[in-house]
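A.B. asks: Protein chains in written order, with my numbering: chain X, 1 to 333; chain G, 1 to 284.
Since the hints were derived computationally from the structure, they do not count as laboratory data. Just so you know, these numbers come straight off a predicted model, no measurement behind them. Think of the CB as a built atom: it goes at the ideal place given N, C-alpha and C, for glycine as much as any other residue. You may find that some hints are simply not true.
Using C-beta positions, here's what the derived DEER-type ranges look like [unchecked claim]:
{"no.": "1", "chain 1": "X", "residue 1": "227", "chain 2": "G", "residue 2": "270", "range": "23 to 31 Å"}
{"no.": "2", "chain 1": "X", "residue 1": "105", "chain 2": "G", "residue 2": "127", "range": "26 to 34 Å"}
{"no.": "3", "chain 1": "G", "residue 1": "269", "chain 2": "X", "residue 2": "51", "range": "38 to 46 Å"}
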Amino acid sequence: MKLASARMSREAPGRLGPLWTFLFRFGPPRWTEYVLRNWSGQRLVIAVPYLWLLVFFLVPFLIVLKISFAEFSPLGRPPYEPVFRWLEEGALQIKLLIGSYSYLLNEPLYVSSWMYSIKVAFFSTLFCLMLGYPMAYAISRSTPTYRNVFLMLIILPFWTSFLLRVYAWIGLLKNDGVINNVLLAMGLIDEPVTMMNTSFAVYIGIVYSYLPFMILPLYSNLEKHDNTLLEAASDLGAGPIKAFMRVTLPLSMPGVIAGSLLVFIPAVGEYVIPSLLGRADQLMIARLLSDEFFLNRDWPKASAVAIAMLLLLVVPIMLFQHFQNKELEAQKR
Amino acid sequence: MKTQGLFSKSVLGLGFLFLYVPILSMVVYSFNDSRSVTVWNSVTSPTLKWYGRLFGDEQILSAAWLSIRVAAMSASGAVVLGTLAGLVLARFGPFKGRALLQGLTTAPLVMPEVITGLSMLLLFVSLEQLFHAFFGWQFDRGVMTITIAHITFTMAYVTVVVQSRLASFDDSLEEAALDLGARPARVFFRITVPLILPAILSGWLLAFTLSWDDLVVTQFVSGPGSNTLPMVIFSRVRLGVSPVVNALASLMVLVVALGVILSAVLMRRQEQRRKREEQMAAAG
Numbered sequence: 001m002k003l004a005s006a007r008m009s010r011e012a013p014g015r016l017g018p019l020w021t022f023l024f025r026f027g028p029p030r031w032t033e034y035v036l037r038n039w040s041g042q043r044l045v046i047a048v049p050y051l052w053l054l055v056f057f058l059v060p061f062l063i064v065l066k067i068s069f070a071e072f073s074p075l076g077r078p079p080y081e082p083v084f085r086w087l088e089e090g091a092l093q094i095k096l097l098i099g100s101y102s103y104l105l106n107e108p109l110y111v112s113s114w115m116y117s118i119k120v121a122f123f124s125t126l127f128c129l130m131l132g133y134p135m136a137y138a139i140s141r142s143t144p145t146y147r148n149v150f151l152m153l154i155i156l157p158f159w160t161s162f163l164l165r166v167y168a169w170i171g172l173l174k175n176d177g178v179i180n181n182v183l184l185a186m187g188l189i190d191e192p193v194t195m196m197n198t199s200f201a202v203y204i205g206i207v208y209s210y211l212p213f214m215i216l217p218l219y220s221n222l223e224k225h226d227n228t229l230l231e232a233a234s235d236l237g238a239g240p241i242k243a244f245m246r247v248t249l250p251l252s253m254p255g256v257i258a259g260s261l262l263v264f265i266p267a268v269g270e271y272v273i274p275s276l277l278g279r280a281d282q283l284m285i286a287r288l289l290s291d292e293f294f295l296n297r298d299w300p301k302a303s304a305v306a307i308a309m310l311l312l313l314v315v316p317i318m319l320f321q322h323f324q325n326k327e328l329e330a331q332k333r
Numbered sequence: 001m002k003t004q005g006l007f008s009k010s011v012l013g014l015g016f017l018f019l020y021v022p023i024l025s026m027v028v029y030s031f032n033d034s035r036s037v038t039v040w041n042s043v044t045s046p047t048l049k050w051y052g053r054l055f056g057d058e059q060i061l062s063a064a065w066l067s068i069r070v071a072a073m074s075a076s077g078a079v080v081l082g083t084l085a086g087l088v089l090a091r092f093g094p095f096k097g098r099a100l101l102q103g104l105t106t107a108p109l110v111m112p113e114v115i116t117g118l119s120m121l122l123l124f125v126s127l128e129q130l131f132h133a134f135f136g137w138q139f140d141r142g143v144m145t146i147t148i149a150h151i152t153f154t155m156a157y158v159t160v161v162v163q164s165r166l167a168s169f170d171d172s173l174e175e176a177a178l179d180l181g182a183r184p185a186r187v188f189f190r191i192t193v194p195l196i197l198p199a200i201l202s203g204w205l206l207a208f209t210l211s212w213d214d215l216v217v218t219q220f221v222s223g224p225g226s227n228t229l230p231m232v233i234f235s236r237v238r239l240g241v242s243p244v245v246n247a248l249a250s251l252m253v254l255v256v257a258l259g260v261i262l263s264a265v266l267m268r269r270q271e272q273r274r275k276r277e278e279q280m281a282a283a284g
């Protein structure tokens with residue numbers, strides 16, 4: 001009997017006992033009973049990570065959304081007026097302000113840092129692709145032994161501290177840093193080139209930190225390519241460049257897109273790299289969010305920035321998930 | 001063919017130069033006996049002076065200890081939750097809400113950290129208010145909140161690793177065990193877990209590293225007095241380059257390099273053993 005029920009539940013996997021059903025229909029006193037009676041072990045297994053993610057990942061966004069519509073009260077603790085309030089007469093008052101959002105659209109400081117963030121993320125992604133694609137291609141063409149060594153060398157920096165790898169560039173890019181010293185010693189320049197606290201340094205930092213995220217998806221795509229296709233192309237008279245453009249490149253598009261999204265999305269919201277290497281007169285959007293929150297204690301405005309950033313990134317994030325799922329489906333045999 | 005080989009070599013050479021020169025220069029200058037880090041003092045260098053300073057630095061040592069504890073707790077929590085989520089997504093077939101679960105587990109992989117950090121902090125503040133209003137109980141932000149936040153964003157990585165490992169082999173072994181009368185929980189611990197153990201281990205290490213390394217989310221959710229190592233490093237580095245940080249970084253690079261090489265050797269040995277056993281099984 002036990003065996004039968006186990007088999008049954010494997011063949012017809014139970015739904016996640018819809019949370020709202022038992023919250024609303026079964027009410028608090030009976031819900032434990034409901035769980036014991038209706039939830040097989042399987043449902044419990046589903047429920048544990050599900051509840052965790054709902055409580056600690058989804059609900060926080062709803063709170064951010066709520067606070068983004070609240071009114072800023074500099075002296076309050078916490079520093080915003082409640083959005084929902086029970087009035088004496090038993091009515092629920094809901095006060096939604098769109099002031100924080102209109103501020104985001106009209107304040108020149110914000111507009112320019114949005115533009116700057118998107119520009120930096122876009123070009124960093126492009127540079128990562130230009131550097132990462134040839135590397136991934138070369139790795140996928142090398143012999144298996146070398147391939148493993150190369151892959152290990154790509155992954156190794158990823159295991160060391162991100163913060164310290166960004167820090168390492170300060171020592172290289174400073175006015176009296178390694179690069180300037182070498183160039184001066186070689187006589188290529190007469191006085192140090194200013195590289196720290198420029199957009200150039202930010203590009204270097206982002207490309208450096210995110211390069212493995214570009215190379216790995218590209219490699220796992222390129223590695224699967226069937227060599228006979230290239231042979232066929234060359235038999236039919238295509239030169240190596242044409243064969244690459246017409247066969248390899250189109251086939252590797254999923255890898256290109258996955259890698260680009262993995263770089264672009266976090267780069268838009270990058271905080272550490274521009275803080276350490278970037279310009280002081282042109283902030284990126286994540287820095288504005290953090291300053292608004294920690295320095296001005298303006299929680300509603302910081303929340304509005306977060307929501308706006310999320311709206312901007314929702315399409316790329318969905319695209320990424322789409323490709324991620326396809327990848328996982330393809331692994332199933 | 002020849003030109004392609006040359007092209008590959010130069011691309012890889014330049015790429016790896018770009019990846020490793022900063023790390024190497026950091027290591028080299030950690031032995032430099034001069035305050036202004038980048039000017040090599042050739043008279044008294046190399047020196048271990050900064051390593052000595054590092055081990056006398058109370059602030060860094062206590063922050064490192066805190067980071068280790070937080071990272072170990074978060075990695076363990078993330079492995080439990082992430083393995084369950086990976087199992088559910090890979091094995092439980094379609095159920096209502098599967099798409100949402102898939103979305104919730106992949107979103108943290110790309111979510112900008114400031115957003116995650118802000119939303120977690122606002123959740124904790126709301127919870128504080130709630131607890132205070134209902135139970136009169138005040139909890140402080142600190143190790144607890146940092147750990148919860150780290151579990152949440154690192155479990156996504158564990159889920160992906162476990163899910164793709166589970167997707168790489170079919171469920172016939174688990175099916176067989178069920179047919180022989182083992183209960184699902186027993187099947188999970190006796191069959192599934194041993195099969196995905198490498199994925200679980202690398203998931204744990206990945207989660208540990210990510211937690212150990214995290215600055216932004218931690219800055220949001222930590223309370224007064226709970227400074228993790230990245231927070232201490234960040235505040236020092238903002239004031240300028242510091243040779244003690246170079247020494248710390250070099251030690252971390254050393255540990256990671258040893259770990260990676262060791263695990264590669266172990267994995268290779270295991271692979272060879274497996275191949276030998278397969279051959280023997282085929283022969284016998």
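A.B. asks: Next, verify each hint and record whether it holds.
C.D. replies: Hint check results:
At about 29 Å, the beta-carbon gap between residue 227(X) and residue 270(G) stays in the expected band of 23 to 31 Å. For residue 105(X) and residue 127(G), the Cβ-Cβ distance of about 32 Å falls inside the hinted range of 26 to 34 Å, so the restraint holds. Separated by about 41 Å at the C-beta atoms, residue 269(G) and residue 51(X) satisfy the suggested range of 38 to 46 Å.
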